[in-house]
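Fit chain B to the supplied structure of chain A, relying on the hints for placement.
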Amino acid sequence: MRDVYIVGVGTTKFGELWDKSLRDLATEAGLKAITDAGIYSEDVNALYGANTSAGQFIDQEHIASLIADAAGLSELGIPSIRIEAGSASGGAALHEAYLAVASGKYDTVVVGGVEKMTDVPPEEANKIIGGSLDAEWETFFGVTEASLAAMIAKRLEYEGKIRREDYASIPVVSHRHGSMNETSHFRNAIKLEDVLKASYVAQPLTVFDSAPLSDGASAVVISANRTLINASENPVKILSSEISTDYLSLHDRSSIHSINAFKRSSKKALESAKITKEKVDILELHDSYSIVGLLQLMELYGEKEALDLVRNEELYWNKSRPTNTSGGLKAHGNPLGAVGIYQVVEAALQLRGKAGQRQVKGARYALLHNMGGIGATSVTTVLGVE
Amino acid sequence: MSDVPRFWRESNHRYRLVGTKCNNCGSIFFPPRDVCPKCRRESIGKMQELELSGYGEVYSYTIVHDGLEPFKFQVPYIMAMIKTDEGPLITGQIVDADPSEVKIGSRVRVTLRRIREEGKTGIIQYGYKFVLEK
Numbered sequence: 001m002r003d004v005y006i007v008g009v010g011t012t013k014f015g016e017l018w019d020k021s022l023r024d025l026a027t028e029a030g031l032k033a034i035t036d037a038g039i040y041s042e043d044v045n046a047l048y049g050a051n052t053s054a055g056q057f058i059d060q061e062h063i064a065s066l067i068a069d070a071a072g073l074s075e076l077g078i079p080s081i082r083i084e085a086g087s088a089s090g091g092a093a094l095h096e097a098y099l100a101v102a103s104g105k106y107d108t109v110v111v112g113g114v115e116k117m118t119d120v121p122p123e124e125a126n127k128i129i130g131g132s133l134d135a136e137w138e139t140f141f142g143v144t145e146a147s148l149a150a151m152i153a154k155r156l157e158y159e160g161k162i163r164r165e166d167y168a169s170i171p172v173v174s175h176r177h178g179s180m181n182e183t184s185h186f187r188n189a190i191k192l193e194d195v196l197k198a199s200y201v202a203q204p205l206t207v208f209d210s211a212p213l214s215d216g217a218s219a220v221v222i223s224a225n226r227t228l229i230n231a232s233e234n235p236v237k238i239l240s241s242e243i244s245t246d247y248l249s250l251h252d253r254s255s256i257h258s259i260n261a262f263k264r265s266s267k268k269a270l271e272s273a274k275i276t277k278e279k280v281d282i283l284e285l286h287d288s289y290s291i292v293g294l295l296q297l298m299e300l301y302g303e304k305e306a307l308d309l310v311r312n313e314e315l316y317w318n319k320s321r322p323t324n325t326s327g328g329l330k331a332h333g334n335p336l337g338a339v340g341i342y343q344v345v346e347a348a349l350q351l352r353g354k355a356g357q358r359q360v361k362g363a364r365y366a367l368l369h370n371m372g373g374i375g376a377t378s379v380t381t382v383l384g385v386e
Numbered sequence: 387m388s389d390v391p392r393f394w395r396e397s398n399h400r401y402r403l404v405g406t407k408c409n410n411c412g413s414i415f416f417p418p419r420d421v422c423p424k425c426r427r428e429s430i431g432k433m434q435e436l437e438l439s440g441y442g443e444v445y446s447y448t449i450v451h452d453g454l455e456p457f458k459f460q461v462p463y464i465m466a467m468i469k470t471d472e473g474p475l476i477t478g479q480i481v482d483a484d485p486s487e488v489k490i491g492s493r494v495r496v497t498l499r500r501i502r503e504e505g506k507t508g509i510i511q512y513g514y515k516f517v518l519e520k
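These protein sequence lines map, in sequence, to chains A and B.
The opening position of the first sequence corresponds to residue 1 in our numbering, with each subsequent residue numbered one higher.
The opening position of the second sequence corresponds to residue 387 in our numbering, with each subsequent residue numbered one higher.
Check the hints yourself; a few may be wrong.
Computed list of lysine-lysine pairs in DSS-like fashion (alpha-carbon distance at most 27 Å, straight line) [said to hold, decoys possible]:
1) B:Lys458 - A:Lys197
2) A:Lys13 - A:Lys354
3) A:Lys263 - B:Lys424
4) A:Lys267 - A:Lys197
5) A:Lys13 - A:Lys361
6) A:Lys268 - B:Lys424
Only part of the chain B face toward chain A is listed, based on derived beta-carbon distances under 7 Å [stated by the list, open to error]:
7) Pro417
8) Val421
9) Ser446
10) Thr448
11) His451
12) Glu455
13) Phe457
14) Lys458
15) Met465
16) Thr477
17) Gly478
These aren't lab readings, by the way, just hints derived from the structure by calculation.
Every residue, glycine too, gets a C-beta built ideally from N, C-alpha and C.
Bound-form chain A, shown alone:
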């Protein structure tokens, strides 16, 4: 396997982007990424596109060809492939692209993620998001993704393992970071009381415990081409990319509050990257709901340490365990297929020292977790700079 580097990144703003279509968003992100890499379309051997549900959001399948076409690549006829793994599509697309370049099949590849979610009303969007769950045995009966997250929170509080404030503080951190990121969906800081007092989505979770419906696209250029890597100011190396799966339905798992797939993918990813979790300077978690953000911290650091980090406010960019410096899904936004790729954009900016106000000083390693549904797919990516 060859060494693979991220040599260019690009993203659109995330948010309710009424004046932009899926093809506008994908093209904007892709062109920004190749410009950042200093290359031309002719240098790109293949496209890998992540998208979760365009078929339902905008009645459009065959996204791979559409995006290649919109990006002006039709005359070149390069391979273009769409990857779908629910909201883990971005991480899964990066995984496939990484393998293709590491194997020697391609030298330079663009990996993008895009979702256009606001062309349908919110109830319809909730139903489409529920497509990452089990249609026959969960959503058929009225389950939403938020209601599953709520039942996890309720059970853990009942068992006395966590307090309401422990997970309510996760979105507070994300919004603080999001306020410093110009591409964020939300740029307002919020307080713990805002989370507790907001209207319910599924009790005890409120709208502030939940990531929004967003439009957006992100793209990265990855390469094993030495000339390109050497020309890049601060090439970020892909140290590992690991995927694990779990039972699709939450009720089938050994425990409803264990994200087993993340336990497995993160363990393997850290082993393959040959680093320990203590070395991680930048952590991006899939905080689709506050409680699942906390569960991921608990899987990575253990229950006690995770709660200490949250209660001692150690997750901020200028503290010991910077987490979701991008603003996370909660504040930066949650365009399903794009979020796994945006995590890579954020990590690359941080590792290159280009993250502006929210820069984590001297960051060398990043661990990114992109999740499908509530952990039925888990993709962990570890990135690093020399």
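Structure of chain B alone, referenced to chain A:
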């Protein structure tokens, strides 16, 4: 809109809580499975249908305020995970109860109800919900 077979092929499971038992390891599954995830190939030909009693207790629950499109006129509704007496967890609604009456650990039993309908002329879909045992 969906076609009829999608619903009738699940009717045994959704109307009578028919799950499966692996006769290799003894594990009980609901919803039913074709393969035992513990025994995998060893379970071929050893998966047998098994009807659950329909009794259990509330493992966790929530009150849904922001519902899916087909349920938007039912909000707020109670969604729960039920720990059945046979072991499997089942996800379903609790009905005929005020949310304040529901507690983790409350005893429940299954009941057959209308789940949703596809418009005024479409299919009416039935399945299980749960009621509190009083």
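Here is how each hint holds up against the structure:
Straight-line distance between C-alpha atoms of Lys458 of chain B and Lys197 of chain A comes to about 23 Å, which keeps the hinted pair within the 27 Å bound. Taken as a hint, the Lys13 of chain A and Lys354 of chain A pair is honoured in the structure, with Cα atoms around 17 Å apart against an allowance of 27 Å. As the CA atoms of Lys263 of chain A and Lys424 of chain B are separated by approximately 19 Å, the hinted pair is consistent with the 27 Å bound. Taking the CA atoms of Lys267 of chain A and Lys197 of chain A, the gap is about 37 Å. The hint is violated against a cut of 27 Å.
For the hint linking Lys13 of chain A to Lys361 of chain A, the alpha-carbon distance of about 24 Å falls within 27 Å, and the restraint holds. At most 27 Å may separate the alpha-carbon atoms for a hinted pair to count; Lys268 of chain A and Lys424 of chain B meet this at roughly 22 Å. Given the 7 Å rule on beta carbons, the hint for Pro417 of chain B holds: about 5 Å separates it from the nearest Cβ of chain A. Taken as an interface hint, Val421 of chain B does not check out: its beta carbon lies about 13 Å from the nearest beta carbon of chain A, beyond 7 Å.
Restraint check, Ser446 of chain B versus chain A: the minimum CB separation of about 4 Å is within 7 Å; hint holds. Proximity of Thr448 of chain B to chain A holds as hinted, the smallest CB-CB distance being about 4 Å (cut-off 7 Å). Annotation: interface hint on His451 of chain B holds; nearest CB of chain A at approximately 4 Å, less than 7 Å. Satisfaction of the interface hint for Glu455 of chain B is found here, the shortest Cβ-Cβ separation to chain A being roughly 4 Å, below the 7 Å cut-off.
A distance limit of 7 Å between C-beta atoms decides the matter here; for Phe457 of chain B the minimum to chain A is near 5 Å, and the interface restraint holds. Annotation: Lys458 of chain B was flagged as interfacial toward chain A, and the flag holds, the nearest CB pair being 5 Å apart, inside 7 Å. Taking 7 Å as the C-beta contact cut-off toward chain A, the hint placing Met465 of chain B at the interface holds, the least distance being around 5 Å. For Thr477 of chain B, the suggested interface contact is upheld, since its CB lies about 5 Å from the closest CB of chain A, less than 7 Å.
Below 7 Å, beta-carbon pairs count as interface contacts, and Gly478 of chain B has one with chain A at about 5 Å; its hint therefore holds.
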